[in-house]
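What follows is each chain in one-letter form.
There are 4 protein chains.
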Amino acid sequence: MTAPTERAFSVFDPTLDGDRLREECGVFGIYGHRDAAAVTALGLHALQHRGEEAAGIVSFDGSRFHSERRLGLVEDTFSKRHIIDQLPGHIAIGHVRYSTTGGTVLRNVQPFFAELAAGGFAVGHNGNLTNGLTLRRQLVDEGAMMHSTSDTEVILHLVARSRRSRFVDRFIDALRLLEGSYSLVAMTNKKLIAARDPLGIRPLVLGDLDGSPIVTSETCALDIIGAKYVRDIENGEVLVFDEHGSYSHKPFPPVPPRPCIFEYIYFSRPDSMVGGRSVYEVRKAMGSQLAHESPAAADVVVPVPDSGVPAAIGYAQASGIPYELGIIRNHYVGRTFIQPTQSIRELGVRLKHNANRAVVAGKRIVLIDDSLVRGTTSVKIVQMMREAGATEVHFRIASPPITHPDYYGIDTPEREKLLAATHTVEEMRQIIGADSLAFLSVDGIYRAVGEERRDPARPQFTDHCFTGEYPTPLTDKTTADAAPRRPALLAEAS
Amino acid sequence: MTAPTERAFSVFDPTLDGDRLREECGVFGIYGHRDAAAVTALGLHALQHRGEEAAGIVSFDGSRFHSERRLGLVEDTFSKRHIIDQLPGHIAIGHVRYSTTGGTVLRNVQPFFAELAAGGFAVGHNGNLTNGLTLRRQLVDEGAMMHSTSDTEVILHLVARSRRSRFVDRFIDALRLLEGSYSLVAMTNKKLIAARDPLGIRPLVLGDLDGSPIVTSETCALDIIGAKYVRDIENGEVLVFDEHGSYSHKPFPPVPPRPCIFEYIYFSRPDSMVGGRSVYEVRKAMGSQLAHESPAAADVVVPVPDSGVPAAIGYAQASGIPYELGIIRNHYVGRTFIQPTQSIRELGVRLKHNANRAVVAGKRIVLIDDSLVRGTTSVKIVQMMREAGATEVHFRIASPPITHPDYYGIDTPEREKLLAATHTVEEMRQIIGADSLAFLSVDGIYRAVGEERRDPARPQFTDHCFTGEYPTPLTDKTTADAAPRRPALLAEAS
Amino acid sequence: MTAPTERAFSVFDPTLDGDRLREECGVFGIYGHRDAAAVTALGLHALQHRGEEAAGIVSFDGSRFHSERRLGLVEDTFSKRHIIDQLPGHIAIGHVRYSTTGGTVLRNVQPFFAELAAGGFAVGHNGNLTNGLTLRRQLVDEGAMMHSTSDTEVILHLVARSRRSRFVDRFIDALRLLEGSYSLVAMTNKKLIAARDPLGIRPLVLGDLDGSPIVTSETCALDIIGAKYVRDIENGEVLVFDEHGSYSHKPFPPVPPRPCIFEYIYFSRPDSMVGGRSVYEVRKAMGSQLAHESPAAADVVVPVPDSGVPAAIGYAQASGIPYELGIIRNHYVGRTFIQPTQSIRELGVRLKHNANRAVVAGKRIVLIDDSLVRGTTSVKIVQMMREAGATEVHFRIASPPITHPDYYGIDTPEREKLLAATHTVEEMRQIIGADSLAFLSVDGIYRAVGEERRDPARPQFTDHCFTGEYPTPLTDKTTADAAPRRPALLAEAS
Amino acid sequence: MTAPTERAFSVFDPTLDGDRLREECGVFGIYGHRDAAAVTALGLHALQHRGEEAAGIVSFDGSRFHSERRLGLVEDTFSKRHIIDQLPGHIAIGHVRYSTTGGTVLRNVQPFFAELAAGGFAVGHNGNLTNGLTLRRQLVDEGAMMHSTSDTEVILHLVARSRRSRFVDRFIDALRLLEGSYSLVAMTNKKLIAARDPLGIRPLVLGDLDGSPIVTSETCALDIIGAKYVRDIENGEVLVFDEHGSYSHKPFPPVPPRPCIFEYIYFSRPDSMVGGRSVYEVRKAMGSQLAHESPAAADVVVPVPDSGVPAAIGYAQASGIPYELGIIRNHYVGRTFIQPTQSIRELGVRLKHNANRAVVAGKRIVLIDDSLVRGTTSVKIVQMMREAGATEVHFRIASPPITHPDYYGIDTPEREKLLAATHTVEEMRQIIGADSLAFLSVDGIYRAVGEERRDPARPQFTDHCFTGEYPTPLTDKTTADAAPRRPALLAEAS
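Residue numbers (UniProt numbering), protein chains in the order written: chain S, 1 to 494; chain H, 1 to 494; chain B, 1 to 494; chain F, 1 to 494.
Since the hints were made in silico from the structure, they are not lab data.
Glycine is no exception: its CB is placed at the ideal position from the N, C-alpha and C atoms.
Be careful, since some hints might not be right.
[To be verified] Only part of the chain S face toward chain F is listed, based on derived beta-carbon distances under 8 Å:
1) Arg81
2) His249
3) Ile313
4) Pro322
5) Tyr332
6) Val333
[Said to hold, decoys possible] Cross-link-like lysine-lysine pairs, in silico, BS3-like; alpha carbons within 27 Å at most:
7) Lys228(F) / Lys80(F)
8) Lys380(B) / Lys363(B)
9) Lys228(H) / Lys380(B)
10) Lys80(F) / Lys80(H)
Same shape as in the complex, but just chain S (with noise of 0.2 Å):
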């Protein structure tokens, strides 16, 4: 019944204790496709890695709407014929999700569902509203009434309050008064519809099978059914697909895209392609560019396992210090153990990563690690290298201090519980225990990109938890009034 997931928990589970940051979603639709769920089902199987608490798929068959919505991995309730019976017609769209602060219920599951005057319309988000909290308000205040605590209801409810006639405008009407992140799979009895937000800060898409359009978070999703990648959606554009084909829409004024670097770093799976670029050659490049910017004397390259993994193969082969597997992970989840009793905790108990002591002993290591969050990992892995009779350890992250929250999407701790944020590299070493700590650089990320360096003036992408630009309004958080009503409801079991 529990989830069993890759990302386990145990003392270096960096999700459990916030020591790692953590995508909100993953989208994916269909058009024209006689085996639409299934496709969908496969698709999310794929962006599984952006989010395991829950997934859900909306069909239509030509005449009705069918919905399956659950907790847990897309394989507990997908993978299962008699769920993909029920899905059935040529359209359909699917979601999967991370929950956010407050536990994941049921009515937060997405794609949602709405019975509008025009019909029905389901909706799956990627991305984070800076203005939800404002619209939700406002919302309600003139009657509406919420059924989830997710800003993305609030979309439907716009939609359906629009004066326009056409179905199309009224969901670019809602569109108008959204600020934040958005990438949107929607759909209606006749439509399957794309919509990007004008700085394109989450990925999305377009792809094919075999004559049926698919829009999507990551090309991983198009490789797993064989599907060919047709292009990124743009940042700013809504794209249409009907029976008389496709349409594209740009509803706001043209600005150049501000992705979010943070897909390069983490969470985009290494053999997805991201706005053109091979995720796994950009880790590489960050590796190496790291050995170019922080060398260091050291015997063997130790990758923090699965996260460091390329950073540390473009290191190893930069440098020229050989790469080998110094932690071993086990992929049996093992998060739900439970500690009974104070002895059991005491034996400091490695659910997840071992030290492989044959590679470990008498040498010294440079560690290499993705990004640091709260340290907290940090300090037990270089503890678990001493243990193991590591000389020296020396810590190397692939991307720079994290010294902001995100808004947009991504759930980062509260930013005193940021390490960078509070401490200089000095005072995070000697946290961490390493014989030395070094980042690479804000340029450092650019060039790994293949951008010669960040412009200053108007950056190629939004790097705002490394430099605390955000590239929109925050009005939730600055509006004086904002402070959000509590909503009533905040318990539900089921």
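For chain S, the structure is supplied; the task is to place chains H, B and F on it using the hints.
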């Protein structure tokens, strides 16, 4: 997981084959009790016969609302400590329900909850609106989003859209737009509210548990927890409890009550008092009245268990013919047994009822049941009696022929499937295969409840199923364009 | 998951608080029917009252045996097509059981199966061996390995160790070593076998379904599938069915039968015929006999439902006092309701029984129940009657005082917890709080079953619970060193 | 309920389509620790790769044994506090297993427990008897009853039937009759016992956790709880721990050990030390050995993840060709995805592996895997590489051709399904579609483990899968009449 129930399936199962009327709901609410949810759970358990398919409870703990709604029997969910522990607070309301047409899905399970501008609001509804679809269409056209197919949700939207400022005024604003039957229990973060439609069609009583007021459908829900019966909620009354005490509103023009006579015939538990009358005594009186109207020359009086038991006791006492258990009922449910092969089906499996041969063989019997809907059960019962050796079978029904469907919360078949709507008594006798068949007269039921006779000008009860005289307009049914727009989302697996 | 049952818990639940006797098993077997497992499932459903905690079926399909054994009601498991489909074949046996002391664990659920040198062998057992522990100890000392704590497993080992060559001879070899009660259904890959202990203590009947022989505990299991009753299996008879027909073995010296009188008083279903007598008629006769022995000046006769109903009808008919339902039973189980707080516990929650005040208030009542074990239920019932306004409460028990425990398959409390074992009738009356209390005499029950009186020299039934005259040796109990070695594995979670 | 696992299904799933060898068990035991069951659960979690289908733990609390055995992963059951709480005591043993042919049913899940005359006895077994069926037949003929189809149960019966008085003597009596491989952990109410077959075919190590001895299959199960590695249990050693300390028995004539070479190639975790050697280093050495034996002119070395990773690192280091992740593995299981329609099946869905196009396109690649069984996976991997643009694909296998099945606890296909048993290397190359194919030589694996070469007269390891030289008799296989009597009970749903 399976819902074990008392009214079980078999060749004789009147529920599954539609040969039984089904009440659609029971409600319970309590104000100011430290174990509000636990008490509500017990009350719902006592009301289980009013709705076996789903149950829900909402509580408020002083700062938050808590909700649990599940398919299945009350005990399946609410007997468990960890569930009750998740429903803290001093105010709680609960609901049990049958599904109407279409499958029961979780989003239709009550109490419904809405986040209004004024705060949270929860409501449970026993009854049925006769203008629910009409109101729903108007609301959707104005941009309202519906999440259930229940017309109870309409009430929430009407409250949300009222322009009045006081909550009670908004609630009454909404009630004024309703047509049909409703016994409502509702709650906000400050109040418990009870409301009964202007005619008082469905029952609603007020009780007291050591100073905590209770509103609920039947007195048996007071008895289970040792609460005192105070009075019936009056027709057209809106009764509000808060920290200042209680206040009774009478927002409608005063009219005489016209409660549904069927509560006495079938729905209410025999140990309940309805409208000040003992349901058991009324049923016995129907039986003795029937003995006077339609005597039979027989050796034993045999009830169809359990529905015909009180009337059979009354018939036996009035006629002097011995009362005997000629049919034994298997109280283990058996509803879900498959009959996998033709050879098994031909066995005529008797999952629920068995003839008590020792009582029946060689005897002339009077079979007593409380009502006759489609007649399919009666056919099989009579046949079983003959196979067990009964020499004569006289069937007596302790209520009049059902000729018209209900629109006030009782799940009756379409008119053409009501046996009495399309057949004479003699035709019915032939179909059922009895040696004689008789029904209680309409005046007979009025006498059984203590009236002299039915007042045709101003009937003391609503008896539309027997007479076709509906006590309210039937807007959804009669409006020319009322063909409800088919809801777009008809299928949901979870 | 928990087994929902008819005999439910509450302040009045006689099962949970030990104030009720419990039969330990029911058996069913059929030979030569194409739907053997489905028919067996239906038969077990009719026998559900003989064992609610677990059920199992074994079938043989011509080349393999198939087995399914589960905790819970028959319907929970065997109503499902996919389960029945996994039990193919023309021979099947089944079993329902209560647990004895200690939790029911799956490995104790019958039928038991063994892989003998001669092939597979399965057996289901109703009854209890009085030398089971003694035999077990001998077998373990010889190197046998026991997997259950059931003494039925002993029978399998005895068959396995017999040195005879024919299977039936091995089986009879084993039976000769047994002491106590047993009604067995067994099967090999060729035969269906029924066996009843030399005294015929537990019931076992032979039926016929269109040429397929059936052996089962009660005739109600024949009725449910429309099978014909042929005869009772005789005491000491071993009856074998195979492709050549049937053969009756009588391996024991002939003695008169001595069936357990308790089947009439409580265990068997009222619609069953036991030993050629209608259980319903016997119970009514016990009631009328009781009316003659112990009349009461009262206004109404009230049964304790459902156990006292037939006796109450008999009492009412014999006494001329009207029969009324003064106690209403909630047939929804309610067994698992927690009573979370002291304040709830003090409510004296009435989950199972409620007074029907309209019948009781202001009346002198005769309460009829079938037996009295610990008396805890009776105390509460009498109190409830008085709270509902009864002016006098006369308690009448339609069987004699239970003074001795059973060792033949009925789960009786320790002797010191049997109220009648340690108190006079007057003391019991005071404890129960009744105005008068009376039991049926021992001769009274013999008269109710049609005997003139008990034959003290050669009792026609075993009535040891009332008289302390046990019909067999009690080896386990009396052997000096019989203190059974405590089994080593006492706890298993699954 | 479903067992989420790391070795997942897909078109490339080597487990499901039999293209992967499967170890059948892992064992763990601890003596004298207050949290014996919790420690055992963690140890089993570390051994999960040795058996994913079921897990069990038995503990002894000073007076009783406690047992829990379940299908599914260790975490599914034993991560839960309430389960661990039901396994109190200071001694515990545990077991993980794969099923062999036929479904895994609960009664086959270990540890097995028996109630012997001397008291309780539990045992867990890693390995396989080559005379198990022969012994089983003899035992059944003597009246023993078998409840499982596992040959481990045979050991219990042999212990039960020994005529010796001391428990250890009975245990050794039983071992003398066994043939084949066994690493056993066993326990009584006083002792923890470890035993390894005379050749030491399967691994077994001794560890120490703060004074509490541990015996387990691999050192990684010591690492997870921070226990110290003490030594390997010797071949033919029986090691007993009780309150008096430990005692090592050597009941067999001394012979040199002959452990199974496959533990290095595939089964053991890379961070384990087996026979004093680092598994990771051995695998790397196999890769570098392979680079020397079979070089390739290529641009990148690509491992088949995760099995080929260490050998690929070794190959890359030895050859100087860069190591790159050319195949990305989806660690979310995906095993249970149905492929409902022909059109979906034709997509060639890539649930588990995806080509990392950026690395592969336009490159000559050396693919490294650890072994080749049926070759079905390799066909698909090569095809995927070509579709991703690889210009040449050179396949290198870091072990010799598997030509013979195993009988010692590894689940190998029938000989005719082993690709290398029936094809030349060139034929295999053509089937797989590679540009070149090469295997490591037999002497090459000996060199990788540090031997100069295989000693043909007295091989230092058992390598029968590559050479056909079996280290023990194969009684069940060779005995003329050994065709095992088919067990009668072959199907059990639960």
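Subject >> Earlier hints that do not hold, by number >> reply: 2
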